[in-house]
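Whole structure, please, built from the sequences with the hints as guidance.
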Amino acid sequence: MNQKSELFVEGGVPALTMMSGNGKAEGRRARVYLCECGPIMNEGIDLATLEARIRTLPEVAAVSRYATLCSEQGRTWLADEIAAHGDDLVVIGACSPREHGTTFMNACRRGGLNPYLMAIANIREQCAWITGGKNPATIKAERLIRSAVARVRVQRPLVESEIECNPDVLVVGAGVAGLTAARQLARAGRRVFLVERTPAIGGRVGLLGEVFPNMECASCMIEPLMDEILHHPQIQTLTYSEVESVRGSFGNFIVQIRKRARYVDSSGCYGCRTCQAACPVEIPNEFDFGLSRRKAVYIPYTGALPNASLVDATVCRRFHGEECSACAEACPFGNIRFDTSDEMVELQVGAIILATGSEPAAANKKPLPKRVISSMVLERLINSAGPSEGSVNLPGEAPPRSIALIYCADEAGKAPASSCSKVCCMSMAKYRHQLQQKLPDCTVVEIVWERCTGGKGYREFARHVDTHFPVPRIRLGDCDRVLRFADHGNTVGIRYTQDGMTADLDVDLAVIAPPLRGSETNRRLGQLLRIAVDDQDFFVEEHRHLQSHRSLIEGVMLAGSSQGPKDVQESTAHAAAAAGEVLSLLIPGRKLKVEPATAEVQEDRCAGCGICVLTCPYQAVSLDQTRRVAEINQLLCRSCGTCAAGCPSGAIEARHFTNEQLWAEVEALLNAESTTVFM
Amino acid sequence: MTVAFIRPSPTLGSERSSPRTSLGSELSPIPAERSKCVVQEGGRLPFEPKILAILCNWCTYSAADSAGSAHSIYPSNIHIVRVMCSGRVDPCLVFEALKRGIDGVLICGCHPGDCHYVSGNHKTALRVPLLKRVMAGFGIDPERVRLEWISATEANRFVEVAKEMTEQIRSLGPVRQPECR
Chain A
79 MNQKSELFVE
89 GGVPALTMMS
99 GNGKAEGRRA
109 RVYLCECGPI
119 MNEGIDLATL
129 EARIRTLPEV
139 AAVSRYATLC
149 SEQGRTWLAD
159 EIAAHGDDLV
169 VIGACSPREH
179 GTTFMNACRR
189 GGLNPYLMAI
199 ANIREQCAWI
209 TGGKNPATIK
219 AERLIRSAVA
229 RVRVQRPLVE
239 SEIECNPDVL
249 VVGAGVAGLT
259 AARQLARAGR
269 RVFLVERTPA
279 IGGRVGLLGE
289 VFPNMECASC
299 MIEPLMDEIL
309 HHPQIQTLTY
319 SEVESVRGSF
329 GNFIVQIRKR
339 ARYVDSSGCY
349 GCRTCQAACP
359 VEIPNEFDFG
369 LSRRKAVYIP
379 YTGALPNASL
389 VDATVCRRFH
399 GEECSACAEA
409 CPFGNIRFDT
419 SDEMVELQVG
429 AIILATGSEP
439 AAANKKPLPK
449 RVISSMVLER
459 LINSAGPSEG
469 SVNLPGEAPP
479 RSIALIYCAD
489 EAGKAPASSC
499 SKVCCMSMAK
509 YRHQLQQKLP
519 DCTVVEIVWE
529 RCTGGKGYRE
539 FARHVDTHFP
549 VPRIRLGDCD
559 RVLRFADHGN
569 TVGIRYTQDG
579 MTADLDVDLA
589 VIAPPLRGSE
599 TNRRLGQLLR
609 IAVDDQDFFV
619 EEHRHLQSHR
629 SLIEGVMLAG
639 SSQGPKDVQE
649 STAHAAAAAG
659 EVLSLLIPGR
669 KLKVEPATAE
679 VQEDRCAGCG
689 ICVLTCPYQA
699 VSLDQTRRVA
709 EINQLLCRSC
719 GTCAAGCPSG
729 AIEARHFTNE
739 QLWAEVEALL
749 NAESTTVFM
Chain B
1103 MTVAFIRPSP
1113 TLGSERSSPR
1123 TSLGSELSPI
1133 PAERSKCVVQ
1143 EGGRLPFEPK
1153 ILAILCNWCT
1163 YSAADSAGSA
1173 HSIYPSNIHI
1183 VRVMCSGRVD
1193 PCLVFEALKR
1203 GIDGVLICGC
1213 HPGDCHYVSG
1223 NHKTALRVPL
1233 LKRVMAGFGI
1243 DPERVRLEWI
1253 SATEANRFVE
1263 VAKEMTEQIR
1273 SLGPVRQPEC
1283 R
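Chains A and B are the protein sequences, given in the same order. Each residue of the first sequence is one higher than the last, beginning at 79 in the numbering used here. Each residue of the second sequence is one higher than the last, beginning at 1103 in the numbering used here.
Errors might be hidden in some of the hints.
Derived list of chain B stretches under chain A, where covered just means 3 residues or more per stretch with a C-beta under 8 Å from a C-beta of chain A [what the hints assert, rightly or not]:
no.	region
1	1181-1187
2	1190-1202
3	1207-1221
4	1238-1244
Quick partial rundown of chain A residues pointing at chain B, CB under 8 Å, derived from the structure [claimed, not checked]:
no.	residue
5	Ser174
6	Arg202
7	Thr209
8	Gly210
9	Pro214
10	Lys218
11	Thr693
12	Ser717
13	Cys718
14	Ala722
15	Gly724
16	Phe735
17	Glu738
18	Leu740
19	Leu747
20	Leu748
Rather than coming from a laboratory, the hints here were simulated on the basis of the structure. C-beta: ideal position from N, C-alpha, C; glycine also.
If you want it as C-alpha cells, here you go:
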C-alpha cells in the first residue's frame, strides 16, 4: 500500500515522514509553459536563456512560451496543448497562483488533465519584479521552475468528488431573525423546520410595544410575518421544543428535537382561556417578568402566537400527585390531554440556522433592589398589550411621579457596562418619548455614563426626544459609580458619585438598561454543535467582518443577535444573509462538492493519541474509539494542514501539501548551485 | 556548491534572540555555537545563504505578491514555499531542511487573531520556540529560524524581514561547516 521512507533517522533526530501513495505522477515528465505576460517577463527575465536551461532537464519534456496565457486565446491554446500531450505533467511559469491558479486549473480540466497534476512557478511576483537585475532574476526563475517540476512529479491526482445533500433547513429560534430566515427559505421553496424553545413564536420583538426610531407598533410589524410563518405549507413550526442532539455534517445533519408535551391539543385550541379561569395554581408570569401572574395552564402573553394554551407540568398540581382536572373539566372542546408526553422528533436537514437571540444580562436571575427595574420590565409596563395594559405603574401601586433612567449600566445597575449593546440607549430614548405621553407630569432624570446612538435615523430620533422632551441629565465619568440603591419605602434612593463627589437622588422608580448577552441556551447548543461561544454567550462567527452570518462549522449559520447585539433592523438583515448563504450553498438537485485537497489519515501509522483532534479548529477530526484511529470528516475539513504538522507519527497527510511535495520544493533550493549568479 | 572559509567565533553564547512574539515567549532559546563567515577567501565566491521562506497562503504569500507588484527589491536568496496555513509548517520539515544544508528558514503567517483557519498560527507560535530548543540541542543556531507575522497589506514589512533575514544568515555563515561533512 503505502511506501514509507524516512529521510533522516539518526540519533533521535526528529524525522520527516514521507509517504508515497498510489497513482502519483512519478516517472512522468513535465511540460513547462512560460507566460510572457505581455512585455513584463521579457523585461525582467532573460526568457531565451531560461528556456534553454530548462530544456536540458531530463524531467522536462518540452518548454513553450506564450504571450499571455491568461487571455481567452491563451487558455484555449493551453487546454489544447494539454490535451495534445496527455501523458505529460504541467508546470506553468507565470504570475502568482493566487492570481491565476484557478484559471490554469480550469485550463487543465478543459484539457483533460487532473488539475492537481499542475504546478505554478511564480516567476513574475517572485523573480521578474523583485530581483533588480536580469541575471539574478533568470537564475531564480530557473530555480523556481526546477522546484515546480520537482513538486509536480510527486503530486497526485485528486478526485473532485460530490455527495448528495438534503436541501431542507432547520432554524433554531423563532424570534424576528429566525422568522425572517424561515420565511426567506420557504419562499424559495425550501422545507423549513422552525424550532422554538418557548411556547410562543415572536421572540423579544413579540414583547415590545413600539420600536425606535419611528415609534412603529411592533406587533403590527411582526404579526403578518408570524402569520405567514404559521400558515406557510413549507414551514413546520415546533414550539415548546428544543434541540437534543445533532449528528452528521453539512448537507446531511440528523437532528433530534424534544417536543415538550403541551398537554393541550393545539390543533383544537382556540385560546378561549376558559381553562385558565378554572386552574387553581397561580405563579408569576416569566413573560411579563413577574409583573403579572399566570396559571399552570396558560397562554404566555396577550397576543402570543400560536394562540393556544399549554399546561406547565412543573407547577400543575396533577403532576405533583394531586387529583386535579379543573382545566379538563372546564375546556368546552375537551382539548386537555394529560396522557400525552414529550415526543422525540428526528429531522433530516442539510443546514442549520441558529437564531437563538439575546437577553438582557442577568435578567430574572439576580433580583434587582426594590423599585429598580430593568428596561425590559418598563417596556412591558408601557406596552398597551402588556400586563398593566399600558398604565405605567408597578402592580398595586400608583404611577411613579419621578423616574431615573440609568443608561449603559451593568446588570446590577451600578457600574458602566463593559460592552455596548447598541440598542439600550435608543430604547431609553424611546421610553422618554413614551413616558412623556403616558405620564406627562412625571419627572424623568437621566443618569448617563455613555450614550450610543448609532444607526440610520437614530441620532435624529434621540435629538428629537432631547429637544421636545428635555430632561435633566446627570453625566457620570468613567470612574463614577452608583454606590447603592436604598429602599425608602415608597421611593428608592440612588447614591452615586459624580466627578468623585457623592450625591443622592430620590425617585419613585429607577430603570437600568443592562447590556445584552447571548441566549442562555447558546452554551448548550454550542456544545451540541461544537461551536464556540464567547464570554458573553454569543456564538463565535467565522469572520467578524465578512462572514458574521457563518459559524465555524460548515453548514451552520448564525442569524440575528445570537452572534452579537443587534436591533431589529440588523437582525433581519443578518438573518436574510444567513438564509441567502444556505440558498447559495445547498441547491436542490445539485450535489455538494467535496474539497479534494483535505487531510487524510494513514490508519496504519495512527496511534490514536488524539493530538490532531485538539489541533483542528473545525472539529473535522474525531477519534474512532473502537479502532483507536483518527478520522477526518472530509466535508468539515478546510485543508489548513495543522493536524498534519501536529501529528507526532506523521500519520496525517495534507493532500496537495504533503511532506513529499513540500520537500521537493526545498530540495530544489538545496540543489541550486547558487542563489545569485551563474557558476 | 558555494564554499566559504569558516572560523569559529570566540564569542559563544552572546544570544541576540529575543523572542519576537508574545506567544510562547516563556521559552527562551538555548545559546548555541556560533560561527562567523569570512568571504572572498582565495578567490572563492562570497557565501550566499539559501533561505527557505514558508509563507501562509492568505497573509504573507499575498504580502510577497504585493511586494512583487510594487517592484520592491529583496534578496533572491529567499526561496518561497507556499502552504495554506503557517500551522501546516511541520517542525520536522524545517529541521530536515537545516540538516541538509538550508541556511535559514523564515516562517510567516497571519497576525495572531487573524488566521484564516482560526488558530493555525497559534499552534505555530507554540511549535517554533520548541523547535528552536531542539535545534540548539543539535548545535544549530536557533537564530536560523525566524517566525514573523506579516499580513497581506504589509508588503514592506515582508521586504524588510527578507533583507534582515538574509543579512543575518549571511553573518551566521553556512549551516554546515565544511569539516563536518
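Item to check | Structure versus earlier hints, numbers of those that do not hold, lowest first | outcome: When the structure is compared with the hints, numbers 4 and 17 turn out to be violated.
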